[in-house]
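Novice: Taken in order, these protein sequences are the chains called A and B.
Just so we're aligned: 195 in the working numbering is position 195 of the first sequence, and the numbers increase by one with no gaps anywhere.
Count along the second sequence starting at 1, add 391, and that's the number in the working numbering.
No wet-lab data here; the hints were simulated from the structure.
As the structure is a prediction and not an experimental result, all values here were calculated from the model.
Be a bit skeptical, because a hint or two may be false.
[Claimed, not checked] With the C-beta cut set under 8 Å, the calculated list includes, among others, these residues of chain B facing chain A: (1) Ser420; (2) Ser505; (3) Asp506; (4) Lys509; (5) Lys545; (6) Arg546; (7) Arg551; (8) Phe568; (9) Lys569.
[Said to hold, decoys possible] Think about it this way: if two alpha-carbon atoms lie no more than 27 Å apart in a straight line, the pair counts; the simulated DSS-like pairs of lysine-lysine are: (10) Lys98/A <-> Lys412/B; (11) Lys412/B <-> Lys9/A; (12) Lys509/B <-> Lys380/A.
In this text, a Cβ means the ideal position worked out from N, Cα and C, and glycines have one as well.
Here's the letter readout for the chains.
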Amino acid sequence: MRALVWHGKEDIRCDTVSDPEIEDGRDVVIKVTSCAICGSDLHLFHNFIPAMLPGDVMGHETMGEVVETGRGLKNKLKKGDRVVVPFTIVCGECDQCKRGYFSVCQKSNRKKHLADKVFGHTTAGLFGYTHLTGGYPGGQAEYLRVPYADTTVQRVPEGIPDEKLLFLSDIFPTGWQAAVQADIQPTDTVAIWGCGPVGQMTIRSAVLLGAEQVVAIDNIPERLEMAEAGGAITINFDEENVVERLNDLTGGEGPEKCIDCIGMESHVSPSMPDTVYDRAKQILLAESDRPHVLREMIYVCRPGGLISIPGVYGGLVDKIPMGAAMNKGLTFRMGQTHVQRWTADLLRRIEEEQIDPSFVITHEAPLTKGPEMYRTFRDKQDSCIKVVLKP
Amino acid sequence: MTNIASFARLSHITRSEGDPKVLQSGPSSSGVPDGLARALGWFSLGLGLTELVAPRRITSALGMDGKETLVRVYGAREIASGVLSLSVDKNLGLWSRVAGDSLDIATVLTALRSDNPKRGNVAVALALLLGVTAIDLIDAQASTARHSRAVGRKRSYRDRSGFPRGVQAARGAARDFKTPADLRHAPALAAVSPSTSAA
Numbered sequence: 001m002r003a004l005v006w007h008g009k010e011d012i013r014c015d016t017v018s019d020p021e022i023e024d025g026r027d028v029v030i031k032v033t034s035c036a037i038c039g040s041d042l043h044l045f046h047n048f049i050p051a052m053l054p055g056d057v058m059g060h061e062t063m064g065e066v067v068e069t070g071r072g073l074k075n076k077l078k079k080g081d082r083v084v085v086p087f088t089i090v091c092g093e094c095d096q097c098k099r100g101y102f103s104v105c106q107k108s109n110r111k112k113h114l115a116d117k118v119f120g121h122t123t124a125g126l127f128g129y130t131h132l133t134g135g136y137p138g139g140q141a142e143y144l145r146v147p148y149a150d151t152t153v154q155r156v157p158e159g160i161p162d163e164k165l166l167f168l169s170d171i172f173p174t175g176w177q178a179a180v181q182a183d184i185q186p187t188d189t190v191a192i193w194g195c196g197p198v199g200q201m202t203i204r205s206a207v208l209l210g211a212e213q214v215v216a217i218d219n220i221p222e223r224l225e226m227a228e229a230g231g232a233i234t235i236n237f238d239e240e241n242v243v244e245r246l247n248d249l250t251g252g253e254g255p256e257k258c259i260d261c262i263g264m265e266s267h268v269s270p271s272m273p274d275t276v277y278d279r280a281k282q283i284l285l286a287e288s289d290r291p292h293v294l295r296e297m298i299y300v301c302r303p304g305g306l307i308s309i310p311g312v313y314g315g316l317v318d319k320i321p322m323g324a325a326m327n328k329g330l331t332f333r334m335g336q337t338h339v340q341r342w343t344a345d346l347l348r349r350i351e352e353e354q355i356d357p358s359f360v361i362t363h364e365a366p367l368t369k370g371p372e373m374y375r376t377f378r379d380k381q382d383s384c385i386k387v388v389l390k391p
Numbered sequence: 392m393t394n395i396a397s398f399a400r401l402s403h404i405t406r407s408e409g410d411p412k413v414l415q416s417g418p419s420s421s422g423v424p425d426g427l428a429r430a431l432g433w434f435s436l437g438l439g440l441t442e443l444v445a446p447r448r449i450t451s452a453l454g455m456d457g458k459e460t461l462v463r464v465y466g467a468r469e470i471a472s473g474v475l476s477l478s479v480d481k482n483l484g485l486w487s488r489v490a491g492d493s494l495d496i497a498t499v500l501t502a503l504r505s506d507n508p509k510r511g512n513v514a515v516a517l518a519l520l521l522g523v524t525a526i527d528l529i530d531a532q533a534s535t536a537r538h539s540r541a542v543g544r545k546r547s548y549r550d551r552s553g554f555p556r557g558v559q560a561a562r563g564a565a566r567d568f569k570t571p572a573d574l575r576h577a578p579a580l581a582a583v584s585p586s587t588s589a590a
């Protein structure tokens, strides 16, 4: 089969690889009908996430049709079923899964010993990501083996196009969880840093959940346009001071809820000296992540407010103003998304036309064009915001 | 690639037996300007290290005795350019190399004096510098063009609300959602004192 394969920094290739096979009774193999490139794939593209191996298959936003099934499936998943594959692999049996904390499933990471060493305790296995999270082959491919398939996948109905359903695999539940864990109230101002695909979904989620004001921060005009179309007030940080504008919008009090949809690769600009400092430290391997957004959120957030972090961080950050965070009594909520906790509810909202997540797709291309599309997406060329690939 | 593979070996990371194996490799996302940037980055590191640890060899070969400190400073600059050229900020690294080339040429030109017995070496060094400058300039321009955000169409997304029934209808449409107990936060200030609500 063909698949997009990681060969090193900025080196993704569409290779011919051996086909996946059923390895366990709870596995299924799906024929991929649509997959997408995620912003967090770019962290791998840039080699900022450790423990990738040349030859790893990329991709964690995937959907398709079940073509092979294991003999030990615990539900009625069968050949021909149409499924969305969440990026988190979950056993459905461990204590964490039972309480809905699927992204920290205790059993699905087949390289638990690595995660135990690096994170202290294991987290869930993820598709197409680092070997710290199991090194499972990803779904930017023609076929995908799905372990623990009976508890991992979300069955979806026929009659709704892939484009509306695909993002149930990651970015829609990720944006939703980012907003839900902020516990948005009707009087809240919710400030969202980053108008990439997760930021766009977070904006829509905050609007649906009834925030009084949703403010979106970025510097890419077309992303800001899309954010505005979704009901956000926008701040272009190349043109305005973010802290001053947010204070203006909140009567000087600061937003109650701040959401970081950027993560470890904050924009670097001489106009924000801390970002240059972070980049220099990152190049010298003295810091792995660039936390400018965290600093800004802690500074501007209203005392007693909440900081929600769906953006991916990979390792160590420096110069976090913990004094401000502690004295202002801020609450932090973060983590990889517990996708399976939200998919059924979000599928209903798509069916009821509360939202159509396909709005975010700006580029569709065959899988063979994947390497080129990685570059287009990374360099934000051709007004690219979200790429869907068709195997 | 080498250091990644070494890290993997050291940490005993291996792919699992049943995982797909590469049978035939396709074209890479990395283009010629990217590969050349990597090569120039390694060249910078090698040259910079030489300048740092053996400046006297360079100065004596060029008849520039007494300029060892300057050569060391240039070595540090060269290493910084190399590191940048090997990073995702390769354009910055390549343009810093072009600027560095100009400095190098200006400095070596001062040694092209009639009373310098190493004048022949200086001429060769200048020729090499001009050649490297040309390569740096070509690659810096090619890489900048390849990775420029200006490539492609500028499109408008003003009609991409994502809400089939419009933004106004969407506001609060999911208020039926009950925040799970483990994700609740403090009551809003407005709930205890309306005067403190957002402006």
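Novice: Against chain A, is Lys569/B within 8 Å by beta-carbon distance?
Specialist: 10 Å, violated
Novice: Identify whether the interface hint at Ser420/B stands, where standing means a beta carbon of chain A within less than 8 Å of its own.
Specialist: 4 Å, holds
Novice: Is the shortest C-beta separation between Lys509/B and chain A less than 8 Å?
Specialist: 36 Å, violated
Novice: Was the hint right that Arg546/B lines chain A, CB cutoff 8 Å?
Specialist: Check passed: Cβ of Arg546/B comes within 4 Å of chain A, closer than 8 Å.
Novice: Hint Lys545/B vs chain A: min CB-CB distance below 8 Å?
Specialist: 6 Å, holds
Novice: Does the structure keep Lys412/B and Lys9/A at a Cα separation of 27 Å or less?
Specialist: 19 Å, holds
Novice: Given the hint that Lys509/B pairs with Lys380/A, test it: the Cα-Cα distance must not exceed 27 Å.
Specialist: Judged against 27 Å, a Cα distance of about 51 Å means the pair is violated.
Novice: The hint names Asp506/B as touching chain A; please verify it with the least Cβ-Cβ distance against 8 Å.
Specialist: The hint is violated - Asp506/B has no Cβ within 8 Å of chain A, the shortest such distance being about 43 Å.
Novice: Given Ser505/B was flagged as interface, is its beta-carbon under 8 Å from a beta-carbon of chain A?
Specialist: Violated, about 44 Å.
Novice: For the hint on Phe568/B, just tell me whether its beta-carbon gets within less than 8 Å of chain A.
Specialist: 7 Å, holds
Novice: Given a cut of 8 Å on the nearest C-beta pair, is the interface hint for Arg551/B held or broken against chain A?
Specialist: Hint on Arg551/B: holds, closest Cβ of chain A at ~4 Å, below 8 Å.
Novice: Measure nothing beyond the straight line between the CA atoms of Lys98/A and Lys412/B; if it is 27 Å or shorter, mark the hint as holding.
Specialist: Violated, at about 35 Å.
Hints 2, 3, 4, 9, 10 and 12 from the earlier list are contradicted by this structure; the remaining hints agree with it.
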